[in-house]
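Peer 1: Sequence:
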Amino acid sequence: MASPGSQYIFYAPGQAVNLVPSANGNNLPQGNPADFNIVLVTNPNGTSYSIPYGQGYQSAALLPGGTGQSVQLLAGNYGISDTGTNDAITLLSTGAQTINGAHGDTLTGGAGNDLLNAISGQQLVIAGTGANTVYGGAGDTINGTSGTVYIDGTAGSMQITGGVGQSTIFGGAGDTITGTGGSGASTVFGAQNDTIIGGSGADLINAAAGKQFITGGAGQSTIFGGAGDTIIGGAGNNYVDGTAGNMSIAMGSGGADTIIGSTSAASGTPADTLTGGAAAALIEGLGKGDIVNFAAQSGNATINATAGNNLVTLGSGPATVYGGVGDTINLGSGNQYVDGTLGGQRIAAGTSGGFDILIGSLARTGSAGVDTLTGGAAQAQIQGLGAGDLVNFAAQTNNATINATAGGNAITMGGGNATIYAGVGDAIALGSGSQYVDGTRGSANVQIGSGSGFDIFIGSTAPVTGAGADTVFGGSAQAQIQALGKGDVVSFANQTGNASINATAGNNLVTLGAGNASVYAGTGDTVNLGSVSQYVDGRGGGATGPGGVGTLINLGSGGTDNIIGSTVAGAAGDTINGGGGASLNYNPGSGNDVINLTGSRGSATINGLGADTGAVNDTITASNGGDSVFGGQGDRIGVGVGAAGTDLFTHATSINGASIGFGSNDSVAAVTYGATAGAVTVNAALPGASAAQVTVTGFSEMGGTPTDYLFYQNETAGLNSAIVATSSQISVNGVASTQMTLPDGTVMTLVGVPQADFNTSFFKT
Numbered sequence: 001m002a003s004p005g006s007q008y009i010f011y012a013p014g015q016a017v018n019l020v021p022s023a024n025g026n027n028l029p030q031g032n033p034a035d036f037n038i039v040l041v042t043n044p045n046g047t048s049y050s051i052p053y054g055q056g057y058q059s060a061a062l063l064p065g066g067t068g069q070s071v072q073l074l075a076g077n078y079g080i081s082d083t084g085t086n087d088a089i090t091l092l093s094t095g096a097q098t099i100n101g102a103h104g105d106t107l108t109g110g111a112g113n114d115l116l117n118a119i120s121g122q123q124l125v126i127a128g129t130g131a132n133t134v135y136g137g138a139g140d141t142i143n144g145t146s147g148t149v150y151i152d153g154t155a156g157s158m159q160i161t162g163g164v165g166q167s168t169i170f171g172g173a174g175d176t177i178t179g180t181g182g183s184g185a186s187t188v189f190g191a192q193n194d195t196i197i198g199g200s201g202a203d204l205i206n207a208a209a210g211k212q213f214i215t216g217g218a219g220q221s222t223i224f225g226g227a228g229d230t231i232i233g234g235a236g237n238n239y240v241d242g243t244a245g246n247m248s249i250a251m252g253s254g255g256a257d258t259i260i261g262s263t264s265a266a267s268g269t270p271a272d273t274l275t276g277g278a279a280a281a282l283i284e285g286l287g288k289g290d291i292v293n294f295a296a297q298s299g300n301a302t303i304n305a306t307a308g309n310n311l312v313t314l315g316s317g318p319a320t321v322y323g324g325v326g327d328t329i330n331l332g333s334g335n336q337y338v339d340g341t342l343g344g345q346r347i348a349a350g351t352s353g354g355f356d357i358l359i360g361s362l363a364r365t366g367s368a369g370v371d372t373l374t375g376g377a378a379q380a381q382i383q384g385l386g387a388g389d390l391v392n393f394a395a396q397t398n399n400a401t402i403n404a405t406a407g408g409n410a411i412t413m414g415g416g417n418a419t420i421y422a423g424v425g426d427a428i429a430l431g432s433g434s435q436y437v438d439g440t441r442g443s444a445n446v447q448i449g450s451g452s453g454f455d456i457f458i459g460s461t462a463p464v465t466g467a468g469a470d471t472v473f474g475g476s477a478q479a480q481i482q483a484l485g486k487g488d489v490v491s492f493a494n495q496t497g498n499a500s501i502n503a504t505a506g507n508n509l510v511t512l513g514a515g516n517a518s519v520y521a522g523t524g525d526t527v528n529l530g531s532v533s534q535y536v537d538g539r540g541g542g543a544t545g546p547g548g549v550g551t552l553i554n555l556g557s558g559g560t561d562n563i564i565g566s567t568v569a570g571a572a573g574d575t576i577n578g579g580g581g582a583s584l585n586y587n588p589g590s591g592n593d594v595i596n597l598t599g600s601r602g603s604a605t606i607n608g609l610g611a612d613t614g615a616v617n618d619t620i621t622a623s624n625g626g627d628s629v630f631g632g633q634g635d636r637i638g639v640g641v642g643a644a645g646t647d648l649f650t651h652a653t654s655i656n657g658a659s660i661g662f663g664s665n666d667s668v669a670a671v672t673y674g675a676t677a678g679a680v681t682v683n684a685a686l687p688g689a690s691a692a693q694v695t696v697t698g699f700s701e702m703g704g705t706p707t708d709y710l711f712y713q714n715e716t717a718g719l720n721s722a723i724v725a726t727s728s729q730i731s732v733n734g735v736a737s738t739q740m741t742l743p744d745g746t747v748m749t750l751v752g753v754p755q756a757d758f759n760t761s762f763f764k765t
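Following the working numbering, the residues of the sequence shown are numbered contiguously, the last one being 765.
Since the hints were derived computationally from the structure, they do not count as laboratory data.
The C-beta atom is built at its ideal place from N, Cα and C for all residues, glycine as well.
Be aware that one or more of the hints could be misleading.
Said to hold, decoys possible - Simulated DEER-style distance windows between Cβ atoms:
(1) T726 x N498: 51 to 61 Å
(2) Q15 x G174: 36 to 46 Å
(3) G84 x G56: 27 to 37 Å
(4) S500 x G468: 47 to 57 Å
(5) A16 x N45: 28 to 38 Å
(6) S500 x S352: 51 to 61 Å
(7) A16 x G84: 17 to 27 Å
(8) N498 x S721: 51 to 61 Å
(9) G703 x N498: 56 to 66 Å
(10) N498 x G704: 50 to 60 Å
(11) A394 x N498: 19 to 29 Å
Can you make the complete structure from the sequences, with help from the hints?
Peer 2: Following this line, the structure appears as structure tokens:
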């Protein structure tokens, strides 16, 4: 039935409507029993009117002026349709009421189960406190309140706001949907080009249609994204399903966000892009190719990037990342952990602050490839590299600990201090920081750093079976090799920094350069000294049994080398060879050392007065320089072939088994046997022969049995017999003496030794 002026049409389900106008609602006629009777108050005073149920009325409506643009409906189950425009229709009480609004209307629901139909568009709809259903139209503004509201916004282009009650909203293209303002929960189904903003309640937002802009609210949000969506988490806890892919997801400003990435991206779905915020983030699974830009992330983050080919960039928040094949992971300034066991990843340590923990490709599949890790300013702990992983820490300025025991790793260090546990086949280049390498597993190549740091190395003291020796190369950093393993190689030809090398394990090859160095040698070592003054402690270098090999020490090209001889008695001792420009200071041990300075240009001071016990102990051949040699019991001292220096030889008093000899072109200053100086005459050099004529006094023998001995270069039994056969007896100051000529032309006179006593036993062959 139409109202006066025919603007509003009232109807009731299954009944005719009897609309009774009244100025004030008093003195009403009795309602029709078969009809739905409504009193229409045309001059209401407020809204407090009672329904005249006793007179057969089911409801009342307030219509100021009788034909005005505002109508208010009281209780009852009926509906109203507006045929005009820009009207206001309000439901004031309970009941199941329906409003069909018109263009420009304002519709307000009540406390009952109301249906508000605003599909004609451009209307303002305010849901009531009851269970309201709203059908919107283009251009509508729909606001929920405290009631439960169902809003159909599929016509699109609406402004929809949920209330403090529970809201269910279906969006249409171009809608702007805002969630609840209180504790109510909203369920929103968006459409393309929608803008959806979560509220303070527990919101469920389905944006799977894609191409939507979604912002989480202060409450807990569950968001199902679609391709092309932009999703921003809010202050509450957010769960985002990004499996559809091709969406941009930003963490919220608070709470804890849980994200599932584009897990189906391997089939061709474009990747998701995730950006950081202040919220804690749990990314349960990225899809292949997804991008995580957490440079601005300050909350904790856990990221599962095992699908692979992900780009992950972290910020200041603590984070745990599980990498996959093909990932690129850039750490930030927070404390961050990366599990790279699947291999094939590029991992960069943080640029500042923080403490990074990295695990390399320890359990990667055969085709996954190696991890590549690069350094930064953050502290880094690599708990375990996989075989073949690469570490480029040239830019690393903070402390680092690297477990490279899996082997086959290439490691380049920078300015940060570092501890490295090497494996078989590792190649390690140290940097300018102070760095420590444990090479006990063997077969590692280690390059000492180039800076002002202090490098410490431990060699293959307990190498893996079959691993082979370590090789250490020199640089400009100071180096301390605390212990080489048997067979390790030290190539310090280019070492300019100071070095201390413990090679007592034995069978080591040590080559030095221009840096000052101290070497503690072992049995079977070969030590090649360099161009500056260097120190070798050869006390542990003697052979450990018959037929064994002691330490071989080759003097360098310059400086003064200081050497302590072997203390291993009863077997081969150290062998010291000259041939360069280095000078020598030698102090003996108790072993049988051999010192051969033939061809050396440096001077030598050789103290052979050790506690020698064998019949023949040290053998000393002097150099081309000016040598001072102090013989001990059983020492053999000689001037090398071609030697040109001025030499001093001294044997101790009452020596058994001492011997002395001279080579070609020698200039001998003095000879003392038994503390008695021998008379020495030096003639002009003869071409191709020795110019030396040596007179020796105090040579000890009794009836042809000597206790002192002679030797010369290249001595043989046949030559000894020839020397004896060509010797002659002369008188020196009335004393019978023997004069002989050595193979190189040296003429030697033994004062007080009759020729009859002289025999081949005088030579120490």
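Peer 1: Which constraints among the numbered hints does this structure fail? Numbers only, ascending.
Peer 2: Those not satisfied are hints 4 and 6.
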